[in-house]
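K.L.:
Spelled out, the chains give:
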Amino acid sequence: NAGVTQTPKFRVLKTGQSMTLLCAQDMNHEYMYWYRQDPGMGLRLIHYSVGEGTTAKGEVPDGYNVSRLKKQNFLLGLESAAPSQTSVYFCASRPPGLGETQYFGPGTRLLVL
Amino acid sequence: GQQVMQIPQYQHVQEGEDFTTYCNSSTTLSNIQWYKQRPGGHPVFLIQLVKSGEVKKQKRLTFQFGEAKKNSSLHITATQTTDVGTYFCAMSLGYQKVTFGTGTKLQVIP
Numbered sequence: 005n006a007g008v009t010q011t012p013k014f015r016v017l018k019t020g021q022s023m024t025l026l027c028a029q030d031m032n033h034e035y036m037y038w039y040r041q042d043p044g045m046g047l048r049l050i051h052y053s054v055g056e057g058t059t060a061k062g063e064v065p066d067g068y069n070v071s072r073l074k075k076q077n078f079l080l081g082l083e084s085a086a087p088s089q090t091s092v093y094f095c096a097s098r099p100p101g102l103g104e105t106q107y108f109g110p111g112t113r114l115l116v117l
Numbered sequence: 408g409q410q411v412m413q414i415p416q417y418q419h420v421q422e423g424e425d426f427t428t429y430c431n432s433s434t435t436l437s438n439i440q441w442y443k444q445r446p447g448g449h450p451v452f453l454i455q456l457v458k459s460g461e462v463k464k465q466k467r468l469t470f471q472f473g474e475a476k477k478n479s480s481l482h483i484t485a486t487q488t489t490d491v492g493t494y495f496c497a498m499s500l501g502y503q504k505v506t507f508g509t510g511t512k513l514q515v516i517p
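Order-wise, the sequence lines are chains A and B.
Anchor point for the first sequence: position 108 equals 112 in my numbering, and the numbering is continuous, going up by one each time.
Anchor point for the second sequence: position 64 equals 471 in my numbering, and the numbering is continuous, going up by one each time.
Quick caveat, the hints were computed from the structure, so don't treat them as lab data.
Mixed in with the good hints, there may be bad ones.
What the hints assert, rightly or not - Have a look at the derived ranges for each label pair, beta carbon to beta carbon:
| no. | chain 1 | residue 1 | chain 2 | residue 2 | range |
| --- | --- | --- | --- | --- | --- |
| 1 | A | Thr24 | B | Thr469 | 41 to 49 Å |
| 2 | A | Gly55 | B | Val462 | 30 to 38 Å |
| 3 | A | Thr90 | B | Gln487 | 28 to 36 Å |
| 4 | A | Met23 | B | Val462 | 41 to 49 Å |
| 5 | B | Gln416 | A | Arg113 | 18 to 26 Å |
We put the beta carbon where it would ideally sit given N, CA and C, even for glycine.
Just chain B, same shape as in the assembly:
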């Protein structure tokens, strides 16, 4: 079955440093979504990527979909304490289900 590897599992950064999390699939994807979960909260949708090589930006966040549509990354420039949380990628399994990556927990040290 489709497997989703997300690395790293944890990341501690100083405030102002950059952060990147990577998501890799064993198969070609139709799309990929990214979610953020604040501590004690629930996952919240951030963005969806569909096209090969697609790059989307949301303020300090840059999302990229690989050319082969097997991997994706989320990069945060100049992290802030508000970026703390766990970031998940999610991949469609057909039209009815998605599978989530294991998540990357980001801690920002002020």
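Chain A on its own, in the form it takes in the complex:
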């Protein structure tokens, strides 16, 4: 099993450009998450999904959109990138239930100039 994979690993964007980050998991997990990680701020939840076709806002959703058309995939979109979105983005998945372990992908480093 590959676990959780993320595409791409690294990307440079210019302000105003758009892009989509792809997360895929092969563990048949219901729940999937997108986090961003910035120095000194830990992991902040952007959006999450508790099942195919469902999405919900997290702590810092502005400037991002998501889609979960298939159970194994969770897409994060930036419609008009801003320098403030320079960050490392992590996807995670887990089974439903209280306290279940989250499994993280390797991360995508995004630089917005």
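Following the hints, position chain B against chain A.
P.N.:
Chain B alone, transformed into the frame defined by chain A:
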């Protein structure tokens, strides 16, 4: 909303010294998880604590959940260079989400 304070933010220790990081919540928790992130890597689950006053050990790592279930600690005995990384606590927000602490970055000096 639920807030997670984790201290210290950074810690440098000599190899062989002990290390402790603390996690404090403003509300009573149902459980707490600990994750480790190596430099350049992604967070990896270490352990979960559920019961009041619970103590769990993994080799040189000791995890403790407070009696009031509002705080937790991770203690590493005799640190090694392989312990380098950032340690996060994470708390459940209901059944669907968790909130992560800001993390403690540990540097071990050989």
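K.L.:
Please go over all the hints and tell whether each is borne out by the structure.
P.N.:
Results for each hint:
Thr24/A and Thr469/B have their C-beta atoms about 43 Å apart, which keeps the hinted 41 to 49 Å range intact. Between Gly55/A and Val462/B the beta carbon distance is about 36 Å. The supplied range of 30 to 38 Å therefore holds. For the pair Thr90/A and Gln487/B, the beta carbons lie near 33 Å from each other, so the given range of 28 to 36 Å is met. The beta-carbon spacing between Met23/A and Val462/B, approximately 46 Å, falls within the hinted interval of 41 to 49 Å.
A hinted range of 18 to 26 Å holds for the C-beta pair Gln416/B and Arg113/A, which are about 22 Å apart.
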